[in-house]
Amino acid sequence: MSWLTNFVRPRIRALVRKDNGGNNLWHKCPACERMIFHRDLDAANAVCPHCDHHMPIKPARRLALLLDEGGWERVEVPAVPVDPLRFRDRKRYGDRLKEAQTETEEKDAVIVVQGRLDGRPVVVAAFNFGFIGGSMGIAVGEAILAAANRAVTQRAPLIVITASGGARMQEGALSLMQMPRTTIAVDQVKAAGLPYIVVMTHPTTGGVTASFAMLGDIAMAEPGAIIGFAGARVIEETIGQALPKGFQRAEYLLDHGMLDMVVHRRDLRDRLIRVLGLLTAGRRAEGAPATAMAALPAPASA
Amino acid sequence: MQTYLDFEKPVAELEGKIEELRHVSDGSGVNIVEEVDRLKAKADRLLRSTYAKLTPWQKAQVARHPERPHFSDVVKAVVEDFTPLAGDRRFAEDVALAGGLGRVGGRAVMLIGHEKGSDTEGRVRHNFGMARPEGYRKAMRLMRLAERFGLPVVSLVDTPGAFPGIDAEERGQAEAIARCIQTGLSLRVPFVAAIVGEGGSGGAIALATADRVIMFEHAIYSVISPEGCASILWRDGAHAAEAAEALKLTAQDLQRLGLIDRIVPEPLGGAQRDPAAAAKSLAQAIGAALAELDGLAPDDLVARRGEKFLAMGRTGLG
Ligand SMILES: [Zn+2]
Numbered sequence: 001m002s003w004l005t006n007f008v009r010p011r012i013r014a015l016v017r018k019d020n021g022g023n024n025l026w027h028k029c030p031a032c033e034r035m036i037f038h039r040d041l042d043a044a045n046a047v048c049p050h051c052d053h054h055m056p057i058k059p060a061r062r063l064a065l066l067l068d069e070g071g072w073e074r075v076e077v078p079a080v081p082v083d084p085l086r087f088r089d090r091k092r093y094g095d096r097l098k099e100a101q102t103e104t105e106e107k108d109a110v111i112v113v114q115g116r117l118d119g120r121p122v123v124v125a126a127f128n129f130g131f132i133g134g135s136m137g138i139a140v141g142e143a144i145l146a147a148a149n150r151a152v153t154q155r156a157p158l159i160v161i162t163a164s165g166g167a168r169m170q171e172g173a174l175s176l177m178q179m180p181r182t183t184i185a186v187d188q189v190k191a192a193g194l195p196y197i198v199v200m201t202h203p204t205t206g207g208v209t210a211s212f213a214m215l216g217d218i219a220m221a222e223p224g225a226i227i228g229f230a231g232a233r234v235i236e237e238t239i240g241q242a243l244p245k246g247f248q249r250a251e252y253l254l255d256h257g258m259l260d261m262v263v264h265r266r267d268l269r270d271r272l273i274r275v276l277g278l279l280t281a282g283r284r285a286e287g288a289p290a291t292a293m294a295a296l297p298a299p300a301s302a
Numbered sequence: 001m002q003t004y005l006d007f008e009k010p011v012a013e014l015e016g017k018i019e020e021l022r023h024v025s026d027g028s029g030v031n032i033v034e035e036v037d038r039l040k041a042k043a044d045r046l047l048r049s050t051y052a053k054l055t056p057w058q059k060a061q062v063a064r065h066p067e068r069p070h071f072s073d074v075v076k077a078v079v080e081d082f083t084p085l086a087g088d089r090r091f092a093e094d095v096a097l098a099g100g101l102g103r104v105g106g107r108a109v110m111l112i113g114h115e116k117g118s119d120t121e122g123r124v125r126h127n128f129g130m131a132r133p134e135g136y137r138k139a140m141r142l143m144r145l146a147e148r149f150g151l152p153v154v155s156l157v158d159t160p161g162a163f164p165g166i167d168a169e170e171r172g173q174a175e176a177i178a179r180c181i182q183t184g185l186s187l188r189v190p191f192v193a194a195i196v197g198e199g200g201s202g203g204a205i206a207l208a209t210a211d212r213v214i215m216f217e218h219a220i221y222s223v224i225s226p227e228g229c230a231s232i233l234w235r236d237g238a239h240a241a242e243a244a245e246a247l248k249l250t251a252q253d254l255q256r257l258g259l260i261d262r263i264v265p266e267p268l269g270g271a272q273r274d275p276a277a278a279a280k281s282l283a284q285a286i287g288a289a290l291a292e293l294d295g296l297a298p299d300d301l302v303a304r305r306g307e308k309f310l311a312m313g314r315t316g317l318g
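Chains as they are written, first to last, in this note's numbering: chain A, 1 to 302; chain B, 1 to 318.
Quick caveat, the hints were computed from the structure, so don't treat them as lab data.
All C-beta atoms in this analysis are idealised placements derived from N, C-alpha and C, irrespective of residue type, glycine included.
Worth double-checking, as some hints may not be accurate.
What the hints assert, rightly or not - Straight-line alpha carbon distances no greater than 25 Å define the calculated DMTMM-like cross-link-like pairs of lysine to aspartate or glutamate that follow: (1) A:LYS91 with B:GLU242; (2) A:LYS91 with B:ASP300; (3) A:LYS190 with B:GLU307; (4) A:LYS245 with B:GLU307; (5) A:LYS107 with A:ASP40; (6) A:LYS190 with B:ASP300.
Said to hold, decoys possible - Chain A regions said to be covered by chain B (calculated; three or more residues, Cβ under 8 Å): (7) 85–93; (8) 122–134; (9) 161–174; (10) 182–196.
What the hints assert, rightly or not - Far from chain B by the CB rule (all over 10 Å, computed), these chain A residues: (11) CYS32; (12) GLU33; (13) ASP40; (14) LEU41; (15) ASP42; (16) CYS51; (17) ARG61; (18) GLY71; (19) GLY224; (20) MET258; (21) VAL263; (22) HIS264; (23) ASP270; (24) LEU278.
So here's chain A without its partners, still in its complex pose (with noise of 0.2 Å):
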């Protein structure tokens, strides 16, 4: 890195913070705590320039980076009963709920498009952390269902982007039960013959993890994301002692067998398209209908 990026602009920040208070010009790695210029930080896709520390990016981002431009159609999720408990903590789940829609302007925590990649169609289902921490309930588990019937009658690969915390505990045990639902949906996708592809980001835990999440048929995970069944907070509790180090990251998993690759962000879209190629290329591939996308409109790049 340069001596201006390291040195000039954090001191710029110091100096723009002292004379006016916050601004967005400015963000601080939370891993190396160095300042990244906000130019800097959107050109990176919200890789840490110094670090390569991957931070949060939101769904749209995400689909924007991966498939090609143009041409993608959002694929509708079924509604879902609102609170179907009527949880109520210090706050009433459904006022969490929406507070969380006004945020993000979406339903819930998962997204569902229909594009392309390299020309290819594929159906991507994409987390997003900021709802209510990425957690699976009803309409989780009904976005992961759409995305897989879309992908099977389309005769599209799936892939799932992940990023939870796990279940939606103010769905209670139907927020559980989308555990055995979202591994029916994936199944149905593999039963079909297509490639079913999981990218996990930071970070998937809990029963998102021990569901769908672990059962891709190629499993990607961006560097240092936390991956994991149970919490690292809950695991020092009850065994009283300290986690190794990099415990539950990715590049941890994938030293354990967990993963097949860990994938910098900047790589992950010519890794998807490699890959897809690749599995493809078999004999499974060759019956599968050309025509799927006809209805949707031509890349705007082709």
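With the hints as your guide, set chain B with the ligand onto chain A.
Below, chain B with the ligand without anything else, positioned relative to chain A:
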């Protein structure tokens, strides 16, 4: 000696009095049979009224009662020819998750289930019923074995949850649970799951993707423990009773939500007061559930099981 829960104190006092009277009568020869009977009737009435209106948090305590029948107690009481089977053939034998062949009501089945242990030493050995990945991988192996020989699978769910440990994470706890769910859903033989005590989260659903899910009257089944939920959402574990209420984790709530199929009656005052009778009640319900699945073709079983889980949350809420 009976272990009394906090809310059972009035019952404990009455039963203590009865014991005292019996003791006195032994030595003095005074006839106090009538008085004992009167107190016993009173204690029963008290138990009945207490257990008829247990709060969800009280049910959580009953579900975790140390004297409730665990896997091995049920096996002793109602399973003939039980033949334990061990190991996942990959890493280890996990005694937190028991399994084996046996006969329930004359019918040969594959039994799998969490084992919590019955005394301090046993609880530690069985890791309090918290299985590691090898436990779930053993369960999968036994399910597939059952399938190969056309034997129904019966699971007994009783766990605080999957073990939160470094080793468990290293060996892929999440993947093991996911595959176990997948295996259960795809089984081409009848599958009955019974929630007998504590149905804790992912560790429970791993064994409960069944054609029929039955549940003891005072068992609980939840996405998270009331304490865990309280410490996250209320930021204070002391709100566990409120969390238990909000989570709708009782058999009665879950039946209303369409998530379980049948409630299995427990003896008066809970399964812990008469584990053998509770096991009989359970065996009867398992037999009835298996009978409902008789004659279904493997394809139908798998399809109906899938439809049943897909329907959850879509219909019948409220
Ligand atoms: Zn950094």
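If you check each hint against the structure, which ones fail? Checked against the structure, the hints that fail are numbers 2, 4, 5, 8, 20, while the rest are satisfied.
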